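Residue numbers (numbering that gives the first Met the number 0), protein chains in the order written: chain A, 0 to 647; chain B, 0 to 326.
Since the hints were made in silico from the structure, they are not lab data.
Here the structure is a predicted model, which is why all the values come from computation and not from measurement.
Be careful, since some hints might not be right.
Unchecked claim - Listed below are the simulated DSSO-like cross-link pairs for lysine-lysine, each with C-alpha atoms no more than 27 Å apart in a straight line:
no., chain 1, residue 1, chain 2, residue 2
1, A, K438, A, K543
2, A, K602, B, K20
3, A, K602, B, K215
4, A, K604, B, K193
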Amino acid sequence: MKIGVYICQCGINIAQTVDVEKVAEYAKTLPSVEVARFYKYMCSDPGQELIKKDIKEMKLDRVVVASCSPRMHEPTFRAVLEDMGMNPYYFEMVNLREHCSWVHEDKDRATAKAMNLISGAVARATFLEPLEKKEVSVIPKAMVVGGGIAGIQAALEIAEKGFKVYLVERNPSIGGHMAQLDKTFPTMDCSACILTPKMVDVARHPNIELFTYSEVQEVEGYIGNFKVKIKKKPRYVDTEKCVGCGACAEACRLHNRIDNEFDMNMGKRSAIYVPFPQAVPLKYTIDPQNCITLKTGKCGDHALCVEACDDRNAIDFDQKEEIVEVEVGTIVVATGYELFDPAKKAEYGYGQSDNVITGLEFERLVSASGPTEGHIEINGKEPKNVVFVQCVGSRDKETNEYCSRVCCMYTAKQAHMVKDKLPDAKLVVYYTDVRAFGKGFEEFYNRVEGEGIIYRRRELDDPIKVNKKGDRVVVKAKGHPDIDADLVVLATGIIPKKDSKEFSRILNINQSADGFFLEAHPKLRPLDTFTDGIFLAGCCQSPKDIPDAVAQASGAAVRAAEPLAAGMVEIEAISAIIDEDLCSGCRMCEDLCAYSALEFDEKDKIMRVNDVLCKGCGSCASACPTGCISMKHFDMKQLLAQIGGLVQ
Amino acid sequence: MVDEKELRDVVKKTISRDDVKYVVGYEKGTYGFQATPCFAYKPEDAEKFIFSPLCVHNLTVFPMLEEKPPLRKGEEPDTRKIGVVVKGCDSRAIVQILQEKGLERDKVVIIGIPCSGVIDPKKIEAKFPGHIKKVEVNDEDDKFAVTVDGKTQKIPKDELMPEKCKTCEYPNPVLYDILIGKEIKSKKKEDYKKVNAFEKKSMKEKWDYWEKQFEKCIRCYACRNACPLCYCKECMVDQLNPQWVRRSVNLSENTAWNLLRAFHLAGRCIGCEQCERACPMGIPLMKLNKKIEKEIKEMFEYEAGISAEEKPLLAMFKPDDPEEFIL
Chain A
0 MKIGVYICQC GINIAQTVDV EKVAEYAKTL PSVEVARFYK YMCSDPGQEL IKKDIKEMKL
60 DRVVVASCSP RMHEPTFRAV LEDMGMNPYY FEMVNLREHC SWVHEDKDRA TAKAMNLISG
120 AVARATFLEP LEKKEVSVIP KAMVVGGGIA GIQAALEIAE KGFKVYLVER NPSIGGHMAQ
180 LDKTFPTMDC SACILTPKMV DVARHPNIEL FTYSEVQEVE GYIGNFKVKI KKKPRYVDTE
240 KCVGCGACAE ACRLHNRIDN EFDMNMGKRS AIYVPFPQAV PLKYTIDPQN CITLKTGKCG
300 DHALCVEACD DRNAIDFDQK EEIVEVEVGT IVVATGYELF DPAKKAEYGY GQSDNVITGL
360 EFERLVSASG PTEGHIEING KEPKNVVFVQ CVGSRDKETN EYCSRVCCMY TAKQAHMVKD
420 KLPDAKLVVY YTDVRAFGKG FEEFYNRVEG EGIIYRRREL DDPIKVNKKG DRVVVKAKGH
480 PDIDADLVVL ATGIIPKKDS KEFSRILNIN QSADGFFLEA HPKLRPLDTF TDGIFLAGCC
540 QSPKDIPDAV AQASGAAVRA AEPLAAGMVE IEAISAIIDE DLCSGCRMCE DLCAYSALEF
600 DEKDKIMRVN DVLCKGCGSC ASACPTGCIS MKHFDMKQLL AQIGGLVQ
Chain B
0 MVDEKELRDV VKKTISRDDV KYVVGYEKGT YGFQATPCFA YKPEDAEKFI FSPLCVHNLT
60 VFPMLEEKPP LRKGEEPDTR KIGVVVKGCD SRAIVQILQE KGLERDKVVI IGIPCSGVID
120 PKKIEAKFPG HIKKVEVNDE DDKFAVTVDG KTQKIPKDEL MPEKCKTCEY PNPVLYDILI
180 GKEIKSKKKE DYKKVNAFEK KSMKEKWDYW EKQFEKCIRC YACRNACPLC YCKECMVDQL
240 NPQWVRRSVN LSENTAWNLL RAFHLAGRCI GCEQCERACP MGIPLMKLNK KIEKEIKEMF
300 EYEAGISAEE KPLLAMFKPD DPEEFIL
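Just chain A, same shape as in the assembly (with noise of 0.2 Å):
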């Protein structure tokens, strides 16, 4: 046997703290190493050539390399091999910066760290094995959950590229929290003006299919070939025959007594309703929790809503609910958000008096849409005094210590707003930094705080107090002199949905500490998920603006239509084996893996793996009673080999 051993200096990275000539040399004296190298940067087109060299030239049998991270550089080097045509599971790579030099300072602990890592990795090299991967076959369809605009933005783009696409909405319409908002900053456009044509689109595109009122209830398969259920909840309205003409929300006996979710609970609506005007689909749907037919079996002597719909007879009170199984390609989620509740937070006052309300409540309020019409009144009066506080949830250690990103910008576009509709209000905006670091924003910001509105920075350890004072709140702040206000606005923080837990186990994805989805590289992969074939867009994997939202959206439209265009896709080569004399059919295993690979052979009372659902994770290896289970590539030998030249 014949192994290759390079040592990459990653410019000064490795090398500045480990003695890279030392280590080479000392790899040469390890058992069945042929060459040991070093070289500058060993992913360059140089460095790779200097081992096509070698492997022509020596005959190399094995490659280790050490330089970073697998995650970076593993596909480069392996295909190094496979281009020299060696299987390119022959590659062991060895993660000296990440591992070694940059959690390190002393050089020659740190070079001796090196040595150890090296030798461990040329012991298991020793018995790394061959594997071949396999391709399985596309479906050429999508899923996409989450109707806002990064899942309308999602849908719509690979629909454009010619796949079909299915979208899931939880809520009765498409739309999403952007739907509620009055104007986007900083360009100030009106942001259902923006959106509803996109909508539209939705509706319209022969590649779409809209499951609204529905929610994904489980995922399973893999790249390629998902197949989800999907629950599509009895909107008790039947979607063919209705028109959305509204004369049963007209007639509803419950017509403007129920609080109406879209506009925050301050508006009202019927027990059947759409959520507002510009719906899509314009369908309408009961709410079983008021309407009085599903909840007491009769409403008064004949149910009002029916004898409006009159011939139409959309109305079906016995809907059922209607589980719809689909087959898909790639998913992309787009859950979005929900808003901090800023009553967890009681010296801000909110729900203690109804001059408090929060950022998105201030947007129906101020929308043309809204229950107001646009105008600004708390209480039936305009306010004169309007103070605005942020970092409500965000930012803050006892909360969520991230920032949410928005709230700077839309408090100064919901300032702005006030100014424009009432000039003479006096406003104060308690801010702890202004964030505005996008395009157009510090211009956008600049400008706000030339239209007279008072800016006053707060430290985020100082709690702002908000207490009832008749009519009106004071609002006491450190260091600033108390404000008699008659509205109060909280910019409240981003948080992730409340049931993403749940959702992340369905869909096998992870979730960041934050609570948000978990991307699989920060940096490099940031629409990706762990989980092959799924990907991430808009604000489910953090908070952001609509334009990032959007982004996003589109590249992970393109991610998600790159498997359904290729019509192939290449699975991992690692996956179990399980030894069939000695399984014992204990079914150990079995709901330890997450991934759903192992299925009970009845027949013979053992487990089987299916190799393209494993992604050799190894919690079955770890589990099995009788040690059946190996896991290709990291088998016990290879590990125990490894283990042995580490220690030696």
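Fit chain B to the known structure of chain A by using the hints.
Quick look at chain B alone, frame taken from chain A:
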């Protein structure tokens, strides 16, 4: 006190069934305070069956110990059931094995006996040293009536009972096909007093203690053989490639064996104390088992061998499982 006649009748009836291969129970030992496991293959074998506080063994090891030699050509496998006489603690071992699918439920006939505590052989032998004649022991509420050389002494149970019986929460079999006598009530509670006290010691004290204990080990693996849950086809100590534990008897290898044994029973040990009873060197193995049992109870609210329908602890995963132990 268990009605031995009822027991014998039940055993006789069970072994008379066509689908039962044998019944394993207890008989009087040949000397001293011994009771030994015995097997009934024929109805008349049932006559020697007894049940007394000396019946300490956990007989559930037997269905697991049975060798299954390869079948000759044309030979049909013997699919008959095995009858087992079990106390409360023993029945939990069966439940645990069923959970792990080591046995199938319809392959065993469980003859359950409610038990109010047995006698620790080591304790009674220390009290009556050197006795080789047969003795009589009876259960009398809170005392054991021990008849030696015609003289009967009444000894408080606490003096002779093993630790497990003092805190036994399951005096009645948790799973049985036939119950001998009536279920009994118990207010005993496992409070892990000893584990808690031991936990308070310093790291050094604990290590010194265990070093002393493990040094004694002669690696006879009696603990393994007596344990109803050590039923792997090939135990990890017997594996040669990789060789997890070397065969040499020294502190390092002994420690490895004893700790691995305890960890392989994590979430599985039902506390029947057979390992400690079988240990010829008096190593307090239950202390390790109990510590793990306590941790698991606190972290996952799980107790081994209670319900055969439940999944084994290590085969379950819940997203909200505590993870503090992951560094």
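Please work out if A:K604 and B:K193 have their alpha carbons no farther apart than 27 Å.
violated, 43 Å
Taking 27 Å as the top limit, are the C-alpha atoms of A:K602 and B:K215 close enough?
Between A:K602 and B:K215 the Cα gap is close to 48 Å, so the pair fails against 27 Å, i.e. violated.
Would the pair A:K438 and A:K543 pass a check requiring their Cα atoms to be no farther apart than 27 Å?
holds, 14 Å
For A:K602 and B:K20, compute the direct alpha-carbon distance and say whether it is at most 27 Å.
holds, 25 Å
Consistency with the previously given hints fails for numbers 3, 4, ordered from lowest to highest.
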